[in-house]
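**Q** Sequence:
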Amino acid sequence: MAVRIRLKRLGRRHRPFYRVCAMDSRAPRDGKVIEELGVYDPMIRETDARVTLNQERVSYWLGVGAQPTEKVQVLINKYGPEGTHLQQQSEAMERLKLSKPTAPPAEPLPTFEEETPAEETASDEAAAVDEGASDESVAAEDTAADDAIAEESAEASEEAEAPA
Numbered sequence: 600m601a602v603r604i605r606l607k608r609l610g611r612r613h614r615p616f617y618r619v620c621a622m623d624s625r626a627p628r629d630g631k632v633i634e635e636l637g638v639y640d641p642m643i644r645e646t647d648a649r650v651t652l653n654q655e656r657v658s659y660w661l662g663v664g665a666q667p668t669e670k671v672q673v674l675i676n677k678y679g680p681e682g683t684h685l686q687q688q689s690e691a692m693e694r695l696k697l698s699k700p701t702a703p704p705a706e707p708l709p710t711f712e713e714e715t716p717a718e719e720t721a722s723d724e725a726a727a728v729d730e731g732a733s734d735e736s737v738a739a740e741d742t743a744a745d746d747a748i749a750e751e752s753a754e755a756s757e758e759a760e761a762p763a
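Position in the sequence shown (from 1) plus 599 gives the number in the working numbering.
Hints listed in this document are in silico derivations from the structure and should not be mistaken for laboratory results.
Since the structure is predicted, the reported quantities are computational estimates derived from the model, not experimental observations.
Hints may be right or wrong, so weigh each one.
Claimed, not checked - In silico DSSO-like pairs for lysine-lysine, Cα to Cα no more than 27 Å straight-line:
hint : residue 1 : residue 2
1    : Lys631    : Lys696
2    : Lys607    : Lys677
3    : Lys670    : Lys631
4    : Lys696    : Lys607
5    : Lys607    : Lys631
6    : Lys696    : Lys677
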């Protein structure tokens with residue numbers, strides 16, 4: 600089996616993102632991977648922060664005889680185990696981490712107390728005053744209030760149906 604170190608495309612249209620992978624040379628571009636060795640994001644502005652490689656595994660696969668593609672060979676020469684841009688890459692990564700804006704802590708939303716309608720407050724006060732009242736009288740008050748609400752809604756619907 601001929602193993603190649605090559606890029607596997609991910610992301611979406613007009614926003615590519617690649618994984619550097621060890622794959623069988625006969626497998627399709629986005630096919631089955633033997634091992635993922637790093638990532639390459641060409642859309643990052645910092646040129647030296649675009650690539651992250653697992654140095655040990657890249658050197659292992661090169662030692663075993665895996666052949667890198669042309670683009671991966673360039674990336675390995677720059678950012679691989681004996682890369683020429685390792686110092687610039689570490690500096691670029693630090694700049695990228697520092698430049699990321701941190702979100703300020705979220706302010707707690709103000710809580711509003713629900714206002715109870717005047718009818719409910721009046722019935723609550725009446726119930727508090729009549730602590731000695733029986734449950735039947737409280738039930739009668741509730742049904743009377745329900746009847747009053749039903750009558751109001753009936754009157755409103757009759758007015759809506761009457762022609763103007």
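**Q** A separate judgement is required for each hint: does it hold in the structure or not?
**A** Now for the hints, and whether the structure bears them out:
no., hint, in the structure
1, Lys631 <-> Lys696, "32 Å, violated"
2, Lys607 <-> Lys677, "19 Å, holds"
3, Lys670 <-> Lys631, "20 Å, holds"
4, Lys696 <-> Lys607, "26 Å, holds"
5, Lys607 <-> Lys631, "10 Å, holds"
6, Lys696 <-> Lys677, "21 Å, holds"
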